[in-house]
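What follows is the residue order along each chain.
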Amino acid sequence: MIALDGVCFSYDGAPALENATCRIAAGESVALMGPNGCGKSTFLRVVNGLAHPSRGVYRFDGAEITKKSLADRAFAKAFHQKIGFVFQNPDAQLFCSSVENEIAFAPRQMGLPETEIARRVADCMALMQLEALAARPPYALSGGEKRRVGIACVLSQNPAVLALDEPFNGLDEETAALLGAVLRQLHGAGKTILLATHDRQAAAQLCRRAIRFGADHTLREESL
Amino acid sequence: MIALDGVCFSYDGAPALENATCRIAAGESVALMGPNGCGKSTFLRVVNGLAHPSRGVYRFDGAEITKKSLADRAFAKAFHQKIGFVFQNPDAQLFCSSVENEIAFAPRQMGLPETEIARRVADCMALMQLEALAARPPYALSGGEKRRVGIACVLSQNPAVLALDEPFNGLDEETAALLGAVLRQLHGAGKTILLATHDRQAAAQLCRRAIRFGADHTLREESL
Amino acid sequence: MHIPENYLSPATCAVMTAAVAPVWAVSVKKIQKQIPMEKLPMLGAGAALSFLLMMFNVPLPGGTTGHAVGGTLLAILMGPNAACVSVSVALLLQALLFGDGGVLSFGANCFNMAFVLPFAGYAVFCGLKKLLRGTAGELTAAAIGSWVGLNAAAFCTAIEFGLQPLISHDAAGLALYCPYPLAVAIPAMMIPHMLAAGVVEAALTAALYAFLRKTSLAAPSTARATGGVGVLALLGVLIAATPLGLLAEGTAWGEWDAETVGQMLGYTPAGMEHGFSFSALMPDYTVAGIPEIAGYLVSAVCGAALLVIVFKLLTLRKSNRSGSL
Amino acid sequence: MEAPLPSWLAQDEAYRPRGDRDAYLGKNLLSLLQLLSRAQVQRGREGRFSPSADAKLLLTLTAVVLTALARSGMFLWLMGALALVRLCLLPARQLWHTLRPVLGAAVFTAAVLLPAAIFGRWLSCARMLARVLISMAWVSLFSHTTNWNFITGSLRRLHVPDLFIFTLDMALHYIVLLGRSAAQLLEALTLRSIGKNTEKYTAVSGVLGGVYVRAQTLSRETVEAMLCRGWSGDYMPACGSGRYRGAVYAAIAGLVALFIYLEGFV
Ligand SMILES: Nc1ncnc2c1ncn2[C@@H]1O[C@H](COP(=O)(O)OP(=O)(O)OP(=O)(O)O)[C@@H](O)[C@H]1O
Ligand SMILES: Nc1ncnc2c1ncn2[C@@H]1O[C@H](COP(=O)(O)OP(=O)(O)OP(=O)(O)O)[C@@H](O)[C@H]1O
Ligand SMILES: [Mg+2]
Ligand SMILES: [Mg+2]
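Protein chains in written order, with the numbering used here: chain A, 1 to 224; chain B, 225 to 448; chain C, 449 to 773; chain D, 774 to 1039.
No wet-lab data here; the hints were simulated from the structure. Among these hints, one or two may not hold up.
To be verified - Subject to a maximum C-alpha distance of 30 Å in a straight line, what follows is the list of computed DSBU-like cross-link-like pairs (lysine-lysine):
hint	chain 1	residue 1	chain 2	residue 2
1	A	Lys67	A	Lys77
2	A	Lys68	A	Lys191
3	A	Lys82	A	Lys191
4	C	Lys578	C	Lys487
5	C	Lys760	B	Lys291
6	B	Lys306	B	Lys291
7	A	Lys68	C	Lys477
8	C	Lys578	C	Lys478
9	A	Lys82	A	Lys67
10	A	Lys82	A	Lys68
11	C	Lys481	C	Lys578
12	C	Lys577	C	Lys478
13	C	Lys487	C	Lys577
14	A	Lys67	C	Lys578
15	C	Lys478	A	Lys67
16	A	Lys68	C	Lys481
17	A	Lys77	C	Lys481
18	C	Lys578	C	Lys477
19	C	Lys478	A	Lys68
20	C	Lys477	C	Lys487
21	C	Lys477	A	Lys77
22	B	Lys306	B	Lys292
23	C	Lys487	A	Lys67
24	A	Lys191	A	Lys77
25	C	Lys760	B	Lys292
26	A	Lys77	C	Lys487
27	C	Lys577	C	Lys477
28	C	Lys478	A	Lys77
29	A	Lys82	C	Lys481
30	C	Lys487	A	Lys68
31	A	Lys82	C	Lys760
32	A	Lys191	A	Lys67
33	C	Lys577	C	Lys481
34	A	Lys67	C	Lys477
Stated by the list, open to error - Here are the computed distance ranges between Cβ atoms for each label pair:
hint	chain 1	residue 1	chain 2	residue 2	range
35	C	Gly582	A	Gly214	47 to 55 Å
36	C	Thr583	B	Ala405	53 to 61 Å
37	A	Ala14	D	Gly820	51 to 59 Å
38	A	Asn19	B	Ala364	20 to 28 Å
39	A	Gly214	D	Arg873	34 to 42 Å
40	B	Lys291	D	Val1029	49 to 57 Å
We put the CB at the ideal spot given by N, CA and C, even for glycine.
Isolated chain A, as found in the complex (with noise of 0.2 Å):
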């Protein structure tokens, strides 16, 4: 599914992947661990087309993701439709007025009828226990209640690859088991789960094999 052949990023001179190669298939749950500044989030900003590689081939099923694929409008919004991405940094994620616009944001994108939409909406503010926060702007939340409407938003997506980083980070220790169970439900179903995180203790519950970035911004795989 996921295809990485050769990746090379760097931010302006400063490198960030280096040669990064591995292979990713339909259904595996991966783990992304490694020390701060190693390569993680950028990782994952180049499997979801925010950040094109500057040497080497990115495939998603199959098909190369370049500059210039993604500005296929059709195509575009198939990838970024199939991959669903919470940020680090939940406070860039959000954008909306409400939370509720914020969860609706991608169905309403996909253009799904307004009963299947007000469905989505109502079961991931169950699941991430979003509903007293309903009405509320997004950035007018604490911490952790921001991280449970930036997964939120992303499930209601329903992605076939999941790339969290750092999903746990914020969340009391409740909705962490939470949405762990969530997230081992929906590698039940099938689903794609890649995983960035310090916490080798989650990492080791969720998947079964991790990618191990070291500080020199190449990866090696691991089993956990």
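With chain A held as given, fit chains B, C and D with the ligands onto it using these hints.
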């Protein structure tokens, strides 16, 4: 040192703290715990004089902290020097043009001699392993690197009270262990530590006492 | 230069809205063709910028406010079509959210500030840029362009105000809307705009443009090739046609003679003789056969409601208001 | 593995701030930031029985148009009375927020009209003032009792092009964003301004640059977040609910009928 009496606070009518009463003595180390949205960050904002109670009184070292008392610039400066705040979202905390300047900001404000400033900057960068990033602009860092800079630039101010809002979030295991060690040493050196966290283990290692916030924004004591 | 509610007659508002509607349509079409998808949110950022600039406003004598708009800057950065949409949206926000500028006069405000201003400013900028070479030349062109743009908009506003006493007044010759004639409105609007607001706009435009150029964020405008003659011609025709439209609406043809104008300018104190009494405020109390009772009833309701409001506001003062941020 | 703390960090800080006045530029920068941080878009609060936003918008537009057209004092009084009655049903705090722009506009208009009034046109001036007050009150009532989420939806129902609605939504987003990042910066700055700043001008320019860079980053991230969630240039805003639309249309019809009657058209 820190004394709250019946403090209430609400954001635009939505309560975030209800009738909070507590005492924290100098040299204590206290964990703030509770579910998302219970008011931990708000508590720390009140303690740092960023939010003022709508009802109740907050005293720091015997002096009442109100909008009016902080209008006295000399008093405000002394107060802010004594208490250092690591924000929940490190993005919101950093505003200088390089990591080095960011860390040097507080000692420079205090009018320390240049050699002392250089020493403090070097020490803090070593503590948080930031040497390699000294010249980088803080907004072009990874999430965990930003967090480390946020902590380092509060340490360089050498405050008597450290108010840390989920400081372990986003740190890799090694750095988290290092931060834990530093905090324990600081506690040993007589600093007061307020630690908001969801990590029961880290709280138990660092603190004797916890203040537990309920979902109804009230608080009660708990021993760890 | 936001025109508030009820300074312009409804007919004027309708004409101005009709004049600006095709501009919107054309702008939207062009934007969808010219601006790539991932740049579209910049329109919102432009609207936010313009909105913030317009918050810093000072009241001017002559019935309006003076402030920078930033329309020319937006036109230089994103093209005049995008600037038109951005400033229109900023004006809508102001009208609906802050009551700054009327809802009815929204069309007129857009005509002045979202159409005349960016297009005129952009045209001057483009013309001057060819003459003045180099970075300094470009900044000068931006400054002069924005000054001209703002003053062109202020001039349109002044004309719209000044025509009001001519085209709408009641049987007694009393103006129903803005009471100041052209001879008062034009200097009252133009002097502060030429000396103050225009200079602020020019300085802001040049400073921001220089900053953006330095950080190489000012991408060359996407709409360069398409502007030019057609837009200018449209502008000219619309400006020429607007007063005609106002006049052609029929009420004022007869009075459009030197005598009436002179009379208006002279401010013959015709209203004086009515004397000062409260009932004169609603002189046609019983028009169309409404019994006087109804009038008193309505007044009673108003009085009672006012009392409730004052009481509520007093309770507000007592309860503390410091809780929220 | 525990390295000892640096000696200065193990000691208490003996620091006494000296008196210090901020440089002119610094002060102005702070007040600018404060202004920006207050640029939060107010969000109207919907009552429990609030009708759908597009109907309310139409009602408000009708009221404003009729107020502008009315020549009979009676109709103006009526519109004023309706606005006052609605106003006094609001809770005190919301009432104050709603009234503030109206009072501001009244003072401004009165000042502008003063010369004309002195020249003997006080009657027409009074009438204009009344019109301004009444229509301002209606508009202010609308904006303070309508949730902004629903306004974009109602504009969509009124066939405003999506590009406008999108720009409006983005503008609201950016205003909040800019205000919030200014507020956060201000907080960070006050917390860490603990003494005399020797390099005021570099600090000031750094902070200004900081605001700019942050706004830039945040807007880039917004676009990325939208792209990731399936946005592809065409925008699908939310539609508001269709509650009580019939009742509001009836009210509109009633107003128009009253207008026709009072203005003597029948
Ligand atoms: N800027 C704001 N505007 C309005 N309400 C807010 C704002 N910030 C927080 N709140 C609300 O205040 C309450 C307390 O928030 P606070 O940030 O203190 O929670 P917290 O305990 O820090 O939670 P978390 O563990 O998620 O960080 C929550 O209900 C939250 O929704
Ligand atoms: N916007 C940026 N501009 C320049 N360099 C950046 C930027 N973002 C990240 N970097 C650099 O790229 C490298 C990889 O960053 P990345 O965010 O991918 O790390 P990460 O593995 O996600 O770390 P963390 O665990 O701290 O989140 C780091 O060295 C970082 O300093
Ligand atoms: Mg990361
Ligand atoms: Mg918090």
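Hints and how they fare:
Pair hint Lys67 (chain A) plus Lys77 (chain A) holds up; C-alpha atoms about 13 Å apart against a cutoff of 30 Å. Under the criterion of a C-alpha separation no larger than 30 Å, the hint pairing Lys68 (chain A) with Lys191 (chain A) is consistent with the structure, at around 27 Å. For the proposed pair Lys82 (chain A) and Lys191 (chain A), the alpha carbon gap of about 10 Å is at most 30 Å, so the pair holds. The hinted pair formed by Lys578 (chain C) and Lys487 (chain C) meets the criterion: a straight-line CA distance of about 27 Å does not exceed 30 Å.
Between Lys760 (chain C) and Lys291 (chain B) the alpha-carbon distance is near 27 Å, which keeps this suggested pair within the 30 Å criterion. At roughly 17 Å between alpha-carbon atoms, Lys306 (chain B) and Lys291 (chain B) fall within 30 Å of each other, so this suggested pair holds. Between the alpha carbons of Lys68 (chain A) and Lys477 (chain C) the distance comes to roughly 24 Å, so the proposed pair stays at or under 30 Å and holds. A threshold of 30 Å between alpha carbons decides the hint, and for Lys578 (chain C) with Lys478 (chain C) the separation of about 24 Å falls inside it, so the pair holds.
Distance check on the hinted pair: Lys82 (chain A) and Lys67 (chain A) sit about 17 Å apart at the alpha-carbon level, within 30 Å; holds. This hinted pair checks out: Lys82 (chain A) and Lys68 (chain A) have alpha carbons roughly 19 Å apart, not beyond 30 Å. Annotation: proposed proximity of Lys481 (chain C) to Lys578 (chain C) holds, straight-line Cα distance about 26 Å (limit 30 Å). Restraint check: the Cα-Cα separation between Lys577 (chain C) and Lys478 (chain C) comes to about 23 Å, which is no more than 30 Å; the hinted pair holds.
Between Lys487 (chain C) and Lys577 (chain C) the CA atoms are separated by roughly 25 Å; this keeps the pair inside 30 Å, and the hint holds. For the given pair, Lys67 (chain A) sits about 35 Å from Lys578 (chain C) by alpha-carbon distance, which is inconsistent with the 30 Å threshold. As the CA atoms of Lys478 (chain C) and Lys67 (chain A) are separated by approximately 24 Å, the hinted pair is consistent with the 30 Å bound. The hinted pair formed by Lys68 (chain A) and Lys481 (chain C) meets the criterion: a straight-line CA distance of about 18 Å does not exceed 30 Å.
Restraint check for Lys77 (chain A) and Lys481 (chain C): satisfied, since their Cα atoms lie roughly 19 Å apart, inside the 30 Å limit. Restraint check: the Cα-Cα separation between Lys578 (chain C) and Lys477 (chain C) comes to about 28 Å, which is no more than 30 Å; the hinted pair holds. As the CA atoms of Lys478 (chain C) and Lys68 (chain A) are separated by approximately 23 Å, the hinted pair is consistent with the 30 Å bound. Distance restraint check for Lys477 (chain C) and Lys487 (chain C): the Cα-Cα separation of roughly 16 Å lies within the 30 Å cut-off, and the hinted pair is therefore satisfied.
Between the alpha carbons of Lys477 (chain C) and Lys77 (chain A) the distance comes to roughly 22 Å, so the proposed pair stays at or under 30 Å and holds. Between Lys306 (chain B) and Lys292 (chain B) the alpha-carbon distance is near 19 Å, which keeps this suggested pair within the 30 Å criterion. Restraint check: the Cα-Cα separation between Lys487 (chain C) and Lys67 (chain A) comes to about 15 Å, which is no more than 30 Å; the hinted pair holds. Restraint check for Lys191 (chain A) and Lys77 (chain A): satisfied, since their Cα atoms lie roughly 19 Å apart, inside the 30 Å limit.
Distance check on the hinted pair: Lys760 (chain C) and Lys292 (chain B) sit about 28 Å apart at the alpha-carbon level, within 30 Å; holds. Only pairs whose Cα atoms come within 30 Å are accepted, and Lys77 (chain A) paired with Lys487 (chain C) is accepted, the gap being roughly 17 Å. Distance check on the hinted pair: Lys577 (chain C) and Lys477 (chain C) sit about 27 Å apart at the alpha-carbon level, within 30 Å; holds. With a C-alpha separation of about 23 Å, the suggested pairing of Lys478 (chain C) with Lys77 (chain A) holds against the 30 Å cut-off.
For the proposed pair Lys82 (chain A) and Lys481 (chain C), the alpha carbon gap of about 28 Å is at most 30 Å, so the pair holds. Straight-line distance between C-alpha atoms of Lys487 (chain C) and Lys68 (chain A) comes to about 16 Å, which keeps the hinted pair within the 30 Å bound. Among the hinted pairs, Lys82 (chain A) with Lys760 (chain C) is inconsistent with the structure: their alpha-carbon atoms are about 54 Å apart, more than 30 Å. Distance hint between Lys191 (chain A) and Lys67 (chain A) is fulfilled; the C-alpha atoms sit about 26 Å from each other, no more than 30 Å.
Under the criterion of a C-alpha separation no larger than 30 Å, the hint pairing Lys577 (chain C) with Lys481 (chain C) is consistent with the structure, at around 25 Å. Proposed proximity of Lys67 (chain A) and Lys477 (chain C) is supported: the alpha carbons are some 25 Å apart, at most 30 Å. A C-beta distance of roughly 50 Å is found between Gly582 (chain C) and Gly214 (chain A), which places it inside the suggested range of 47 to 55 Å. Taken as a hint, the range 53 to 61 Å holds for the pair Thr583 (chain C) and Ala405 (chain B), whose Cβ atoms sit roughly 54 Å apart.
For the hinted restraint 51 to 59 Å between Ala14 (chain A) and Gly820 (chain D), the CB-CB distance of approximately 54 Å keeps it satisfied. At roughly 22 Å, the beta-carbon separation of Asn19 (chain A) and Ala364 (chain B) lies within the given 20 to 28 Å, and the hint holds. Range check, Gly214 (chain A) to Arg873 (chain D): Cβ separation about 59 Å, and the 34 to 42 Å hint is violated. Between Lys291 (chain B) and Val1029 (chain D) the beta carbon distance is about 51 Å. The supplied range of 49 to 57 Å therefore holds.
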